[in-house]
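Which chain is which? The protein sequence lines are A and B, in order.
Numbering follows the working numbering, with no gaps: position 236 of the first sequence is 236.
Numbering follows the working numbering, with no gaps: position 148 of the second sequence is 148.
In short, the hints are calculated from the structure, not lab data.
Treat the hints with care, as some may be off.
[As the list claims (entries may be wrong)] Calculated lysine to any residue pairs in the SDA-like style (CA-CA distance at most 25 angstroms, straight line):
| # | chain 1 | residue 1 | chain 2 | residue 2 |
| --- | --- | --- | --- | --- |
| 1 | B | K105 | A | F11 |
| 2 | B | K332 | B | L319 |
| 3 | A | K129 | A | A89 |
| 4 | A | K146 | B | E202 |
| 5 | A | K129 | B | L186 |
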Amino acid sequence: MIEIQDLHKHFGGFHAVDGVSLTIEQGSITGLIGPNGAGKTTLFNAIAGLHKPTNGKVLLGGEDITGLAPHQLFHKGVMRTFQIAHEFASMSCRENLMMVPSNQFGETLWNTWFGRRRIADQERALTAKADEVLEFLTISHLSDEKAGQVSGGQKKLLELGRTMMVDAKIVFLDEVGAGVNRTLLNTIADAIKRLNKERGYTFVVIEHDMDFIEKLCDPVICMAEGKVLAHGSLAEIKNNEHVIEAYLGTGLKNKEKNVVQ
Amino acid sequence: MEFLHAIIVLSNFVVIPAIAYGSQLALGALGVTLVYGILRFSNFAHGDTMAFGTMVAILFTWWFQSIGVSIAPLPTALLALPIAIVVTAALLLGTDRVVLRFYRKQKSAPVILLIVSLGIMFVYNGLVRFIIGVGDQRFSDGARFIISARDFKKLTGLDEGLAIKTTQVITVITAILVVAILFWFLNRTRTGKSMRAFSDNEDLALLSGINPERVVLYTWLIVAALATIAGTLYGLDKSFKPFVYFQLLLPIFAAAIVGGLGNPLGAIAGGFLIAFSEVFITYAWKKVLMYTLPEQFAPSGLMQLLATEYKFAVSFAILLVVLLFKPTGLFKGKSL
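Sequences are here, hints too, so could you generate the full structure?
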């Protein structure tokens, strides 16, 4: 699905992403783990077009998409969410979702003035769709609230909802679980699973919560210091010496030993 | 009767001129605030954009007058306005393509764009002076008054006159229309909503598939219209002089900042606040006080707080106070 070839992103002398090559399979939910500052988010930014990669290539289904602008990638079905949820604060949750589908009829100046009826039809359809998405995410009671005023976890749901307004191919989720309570986290996990099954979305998930990773992700990639340390199933990752040293620490292994004992 | 006279004097010299001036400032400040909210820099070239737009309107007005086209009793300049907007839009889009787009691609800091806009300001400034000269140009024609002071006196039998100039009425009506259309556009249309989204959160807007170049294009089109309309109305009401438009930058920025940069509603409120303060403080209150105070308190001086030459000090003082005590402006700034 997505193939990354020797991707570099340098900020001055700092090599945030330092030669990452990996392949993400169609229909998978890939977990991306690693210590803070490992370059996970930078990798996302470089793929999703917020930063231009210094070097290397990103291929989407064989097509070179390196360095395309975010809105161009959006039209190719590449979407991402943010570690700290972004929202259009002054708009309602429903309007936030309705912003997403682009190339809407009312977007040209001419149609704005002379195509009122078609715009109204489209708007109705969008409203229905937005309500459906809010229902799916169990936040339909918030549809008229200003998005800037809902809680952090609900903003995360809203971000997930944004990817559902159009048919995304691949979605990059940056720490969906950060600062979200358990119940809400389960809702998010279920939503991700359903989207993956029912609509065939491919996901790449950055997450620090290992339970969440365990529940959802296969395979898992571990990054550290801008490089890929390991790539494989969760069990393989957990037992990889490098990963334990750089990220998981010995705690997890000990815990499992205790469980075995 | 005395009190009525006082009110009439006040309306004639303070309220009506301030409303007209406030509408002009509000339209100017709206342009500044839109650029700040959506393109994220303070556009110092706005005053000279207004001058350029007005200059084009004047040139076409003259041409219309020479071939005998007129829409009397309305000023011919209104006929020239749409053409002037198109020409100004072309200039702004050209500038954006040649200069600003480069810095946008570089993701330059707002302060760099500010300096760039300063450069653009000097270029526009020179361009306008080169084409039309530095002198005073009068271009208002048609009926001068809707009701003149003498007619008013005759009509009501009062001692004080109330004059309402055609240009003042046109200014206010045009301003209301423009603001209504702008707000409808920003709040009700897809394009407007994309612009608001872009102003709200640029990264997210990009990732939601909003094409930034299109948003920029529409912003400049709207700014061209606002600047040309504001400039032409000001020129009709007073007169056109390139240097005066350059100076207008201060009250316009003061209005936008006082209202909260990036907030269109704030720009309008700020425009009127600045205009009323300016007129109030530089007006000689002697006559009004003579009518309202008992005779023994009648003032002997002009009762003018500040000479009109210093009127820019007023916007400057307000700007200072607002920045000290409420830096985001009266309305919450930096969001559309």
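Verification of the supplied hints:
As the CA atoms of B:K105 and A:F11 are separated by approximately 17 angstroms, the hinted pair is consistent with the 25 angstroms bound. Using a Cα cut-off of 25 angstroms, the hinted pair B:K332 and B:L319 holds, with the two alpha carbons roughly 15 angstroms apart. Simply put, A:K129 and A:A89 have alpha-carbon atoms about 21 angstroms apart, close enough for the 25 angstroms limit, and the pair holds. Restraint check for A:K146 and B:E202: satisfied, since their Cα atoms lie roughly 18 angstroms apart, inside the 25 angstroms limit.
Among the hinted pairs, A:K129 with B:L186 is consistent with the structure: their alpha-carbon atoms are about 23 angstroms apart, no more than 25 angstroms.
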